[in-house]
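Q: Given next are the chains, with one letter for each unit.
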Amino acid sequence: MPVRTYLEAITDALREEMNRDERIFIMGEDVCAYGGSYAVTGRLCDEFGSERVRDTPIAEGGIAGVATGAAMGGMRPVCEIMTINFALLAMDAIINHAAKVHYMFGGKVKAPVIFRTAGGAGAQLGATHAQNFEVYFAHVPGLKVLTPAFPADAKGLMKMSLRQDDPILFIESTGLYRTRGEVPEGDFTTPIGSARVARPGKDITLISYSRMVLVAMQAAEQLAKMGVEAEVVDLRSLRPWDAETIIESIKKTNRGVIIEEDWQSYGVGAEIAATVMREAFDYLDGPIERVGLAEVPLPYARDLEQAAMPKPQDVINKLREMRVIR
Amino acid sequence: MPVRTYLEAITDALREEMNRDERIFIMGEDVCAYGGSYAVTGRLCDEFGSERVRDTPIAEGGIAGVATGAAMGGMRPVCEIMTINFALLAMDAIINHAAKVHYMFGGKVKAPVIFRTAGGAGAQLGATHAQNFEVYFAHVPGLKVLTPAFPADAKGLMKMSLRQDDPILFIESTGLYRTRGEVPEGDFTTPIGSARVARPGKDITLISYSRMVLVAMQAAEQLAKMGVEAEVVDLRSLRPWDAETIIESIKKTNRGVIIEEDWQSYGVGAEIAATVMREAFDYLDGPIERVGLAEVPLPYARDLEQAAMPKPQDVINKLREMRVIR
Amino acid sequence: MAAATEIHTLSKAKLRDMLRQMMLIREFEDKTAEWYARGRIAGFVHLYNGQEANAVGIAAALEPGDVLMSHYRDHGHAIAKGADVKAAMAELFGKSTGLVHGKGGSMHFFDYDNGYWGGYAIVAGQIPLAVGVSFAFQQRKEGHVVAVIMGDAATANGYFHESLNIAKLWNCPCIFIVENNQYGMGTAVKTHSAVQDISAKAAAYDIPAVRVDGMDVMAVYEAMKQAVEYSRSGQGPTFVETVTYRYRGHSMADPVRYREKEEEEQWRHRDPIALFRQRLIEEGVISERTARKMEDDVRREIEEAVRFAEASAAPPLSALYQDVYVDQPEMPNAAILTKDGWTK
Amino acid sequence: MAAATEIHTLSKAKLRDMLRQMMLIREFEDKTAEWYARGRIAGFVHLYNGQEANAVGIAAALEPGDVLMSHYRDHGHAIAKGADVKAAMAELFGKSTGLVHGKGGSMHFFDYDNGYWGGYAIVAGQIPLAVGVSFAFQQRKEGHVVAVIMGDAATANGYFHESLNIAKLWNCPCIFIVENNQYGMGTAVKTHSAVQDISAKAAAYDIPAVRVDGMDVMAVYEAMKQAVEYSRSGQGPTFVETVTYRYRGHSMADPVRYREKEEEEQWRHRDPIALFRQRLIEEGVISERTARKMEDDVRREIEEAVRFAEASAAPPLSALYQDVYVDQPEMPNAAILTKDGWTK
Ligand SMILES: Cc1ncc(C[n+]2csc(CCOP(=O)(O)OP(=O)(O)O)c2C)c(N)n1
Ligand SMILES: Cc1ncc(C[n+]2csc(CCOP(=O)(O)OP(=O)(O)O)c2C)c(N)n1
Ligand SMILES: [Mg+2]
Ligand SMILES: [Mg+2]
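Chains as they are written, first to last, in the numbering used here: chain A, 820 to 1145; chain B, 820 to 1145; chain C, 26 to 369; chain D, 26 to 369.
Please keep in mind that the hints were generated in silico from the structure rather than gathered at the bench.
Be a bit skeptical, because a hint or two may be false.
Below, in silico cross-link-like pairs of lysine to aspartate or glutamate (DMTMM-like), each with a Cα-Cα straight-line distance of 25 Å or less [to be verified]:
#1 B:K927 to D:D109
#2 B:K929 to B:D865
#3 D:K166 to B:D865
#4 D:K166 to B:E1004
#5 D:K56 to A:D1122
Isolated chain A, as found in the complex (with noise of 0.2 Å):
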């Protein structure tokens, strides 16, 4: 299978699309003449020109607002909120809009957009550039929430996304945008709301999504030297999210932690945590337990911002809290 970069997949997956099916545009902040942001959509300015690929203001609230508008006249806008940070600006957009007016109208009108944007910590952004809001998203019945942590899940989601109806918050990472995958060649769609066992094991099962999958990875690999062999799952989707499989591999390991880039209270792991705990209760050793990013806004100073930061090393750690490993 060909590699790419999960930067690469998503391009890629873009470019298949709006072949396909001459109603999608892209808009956003800097989506042509600057390149992207983060250089996902530059290329695409190039071939499809810059009424295909259109530069926004400054606008978070109203580009997310013009989008969903334009799903509802008819055409498959790609929105793109350069970081979600920003986002908190588009919440009104979207969940009071986005999401509501399918049903609010009575199925009389659907708004098939697509809101891409990244979040992620770990290059001593600051407070204000390095945050993670994807739980707001997943809270909200009306959308779909997807966070792809490889390239092969980043095309096949985006490319199922333009492929159905709903709002849906397509959430990439800053720190995923150069890693390298498989993806497969030809046509394909990821299904939405489904997770994958990125690595079986049967000692402890590890759950994440987007980059922390990596993270879950490299200490799954630390722990098999330790003679621990941890299962990770790949969420995949948040909204909707696959419980099943999760619960399948608990059922094998009896144990769990969630691993997740955001701040732990009122986040992602907590609706994860409290819905396995349940529906797992009697196959559980002990809680599930998670690691998170420390309860701050994340400071510039690279040390500091590195403390704050979930890594492999602490769910080793944490794993010896729990005496998996001693």
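Got chain A sorted already, so can you dock chains B, C and D with the ligands onto it with the hints?
A: For chains B, C and D with the ligands alone, coordinates are given in the frame of chain A:
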């Protein structure tokens, strides 16, 4: 003790503190000339005038930002966001600014701003006007989030809020404004971050906050008639929140149910359940259960809306399912 | 303010129909108030009395295929654009025969086929949506325009600024209409806007703007007609401010403590329906008798609508979980998450 | 655009200091680029080269006690307002001696005592904050004003609209300054704004506005001086647009594929430092020798700042949990929630 409505209790707290501290002022949409959309501030407008109870344009983002700036400049703004549905337009101002400035600027400035707002469903207001987003704010380090259920706590927490220096989300409930309760006379405050046992019991712990505490209390009354003594814990604060009081209760009852007016997925109850199950794992006879809102945008039609909302009967049904009662 | 215009640019039938529509809207609102008081209509209800000339003048200037979008004060807008008053009343009663099957209520009328694409309850939220729809029409080369109505107070919101700028940059066929009824809830224009002439705001986006008498249906119509032509011809967005007044409180819950009775009286002297009725009679378009008959017909039509609404069935409980998604997700964990959830 | 002004309204010492500040900022930026390339400075870094006349002209018109706020392109703003270059450089190096103890980095300079109240990295987010601070000053009758700087592209944001409207309604002593450097990232003014004259936007709020040459420090100073006087006198907010250019990419990551080299060259011919240096020499304020000495001094000062930054200690890990709250909540569950949490 004198009996006051929830609404009066808040008005009283604001009045007393405004008399105490001239830096305190109120700003928000229709707080003055109109009288306050839920009439909390109208009397204060008459008493203190339109300079200290200031009508603003309909610009939630802007006013939340202006309030934050006024706090940085030495005032003590109480900024009313008419309902929490509109707070989606102020997320950036609150989360990227109010919650950040103290930390991000190395402690050199503070932003003691109170955002008063109200959540709540049940009045047939439809999908965009009956939501509960407190979980969004509870997720954020740097914010404190208060959700009183009773007049006394509403007053005590508001007074406390105006005597500390951090940004606060003070989240009221439209369904509570007309409820009555005893309020201590004289000057008193309620501590931030402490739950309260609203009704003692020994057989099951019902955990809730804001209006759902009343639903829990009603369920507890019905349960008492069935011979089940439910202990009701009122969280009062969501950030920080008081796990200990709940855990103490669980140690006694060995089972717990969370009742929330919000969508269950990725909601407040998920964090409570995940943490309590972790900390009280060995004391639990079964998982912490949750009763929440149907996972749909709320519909207008009365029967549909009522069907979507958590009611005492849903708590009873949940306990049946749990075999706490038959 | 542009001067009132000749009526003879329009056919008698059309003029008569415009008057009838204004009467129909007024009657609809009065009956809505009545049934709200009786507890059969609930939620937030914002009546349109006094502003009828706007909806009717605006809709009259639009063609089939054109779309109108607006806010929560939407009864008049939907009816003027052709929505069936029976379905509209049934929506208020929360019935399955309602415009949106009882899901939306007063603030969320919607009629796809007649081109009324929604009442939105978040102030100013409809503005970027409308720009988006108009952009879609432009891209799809359909020749349709979008008219979007907002209140005076909505123009202070960031959405207004962001949307008008984008509409101009992208040359969208979008007509922005401000029904300036002097207040946003209890907040007077002077308290919410740094400029008192709302149409002056359009200059910041280089959008041609006009301010007209919103109590004169012909003035609204003429302004709209020009705006629609301009926008349809590919020259970009336009802006129309109508100066008008709402007779009733902001919503049914409004104690109206912020304005004087005299002010209300003054405006009622320029009642848009009475003015237009008189004018049509004076100019010989209709007789006094026809006018009375129209009033009777309208009354009957709304009575009928109420009967229809009352007689209709409430939506089945199963509707609660319908239309959350177009493509209902396959939920591997459906059984788990959703004891009371999505898949019910 | 207002014409360039006489320099003799200012003392020689002040003129000399203004030139020195511009040189200092330029040198600071060049060294920042160097140390960024060496990997000792990280995060998003937005340099100010080419725009120095703005910060210096603006700050020169402010009095002690007045506050300046701006965005992420903030090095020049903070330095002009008096921030210590040692502490500024230490901030970039992420050291505990930094302006904000290494918590903020390049985008978040802050100097309370000198009245530089922050670089904010959310485009336009600083605008309502500044209005709020100016409102507080008005209420507290302190006689201070707030100047807030934004980019051209920030004026398309809803915050801009909402904030200017409120500032005018509340008569706030706030000076809105747009450094129009022709682009927001790679988006040219013509792509992000429906009007090409940004100062025209102020009319929508009835705020007096002026557009000046942002490469001429005296022009900026004079415009600011008038604006500050007006706002301080209680007449309300003012608006100043400066027409300028950034020589470098938007940030260190910018490939600059959106503009031509010739355009850059043209602007560099009107370099604000070279122009002012020459003018001061021509008008006899300084000699060529003094100018060279100033350049040398500035170089040494920044070298010193780098040495200071390098030698300073990184913040202790305990700083991670400091200053999340002013009043650290008493957490009954502290032990639970915060294995790696708040109370550490
Ligand atoms: C974002 C938002 N903020 C506040 C409200 C509450 N609200 C509903 S209507 C209204 C006044 C709007 O006034 P205007 O735009 O003039 O329209 P009118 O009601 O006068 O037709 C307000 C404040 C809301 N619905 N949405
Ligand atoms: C709300 C928000 N959206 C997007 C960004 C990313 N971004 C940072 S600076 C910038 C361009 C701003 O341009 P302008 O306002 O002209 O200021 P300049 O950088 O030219 O000084 C963008 C899009 C951001 N920081 N915040
Ligand atoms: Mg109005
Ligand atoms: Mg710029």
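Q: State for each hint whether it applies.
A: Right, here's what the structure says about each hint:
Proximity of B:K927 to D:D109 is assessed by CA-CA distance (about 15 Å); at most 25 Å being required, the pair is judged to hold. This hinted pair does not check out: B:K929 and B:D865 have alpha carbons roughly 31 Å apart, beyond 25 Å. For the given pair, D:K166 sits about 24 Å from B:D865 by alpha-carbon distance, which is consistent with the 25 Å threshold. Using a Cα cut-off of 25 Å, the hinted pair D:K166 and B:E1004 is violated, with the two alpha carbons roughly 35 Å apart.
Simply put, D:K56 and A:D1122 have alpha-carbon atoms about 23 Å apart, close enough for the 25 Å limit, and the pair holds.
When each numbered hint is compared with the structure, violations occur for hints 2, 4.
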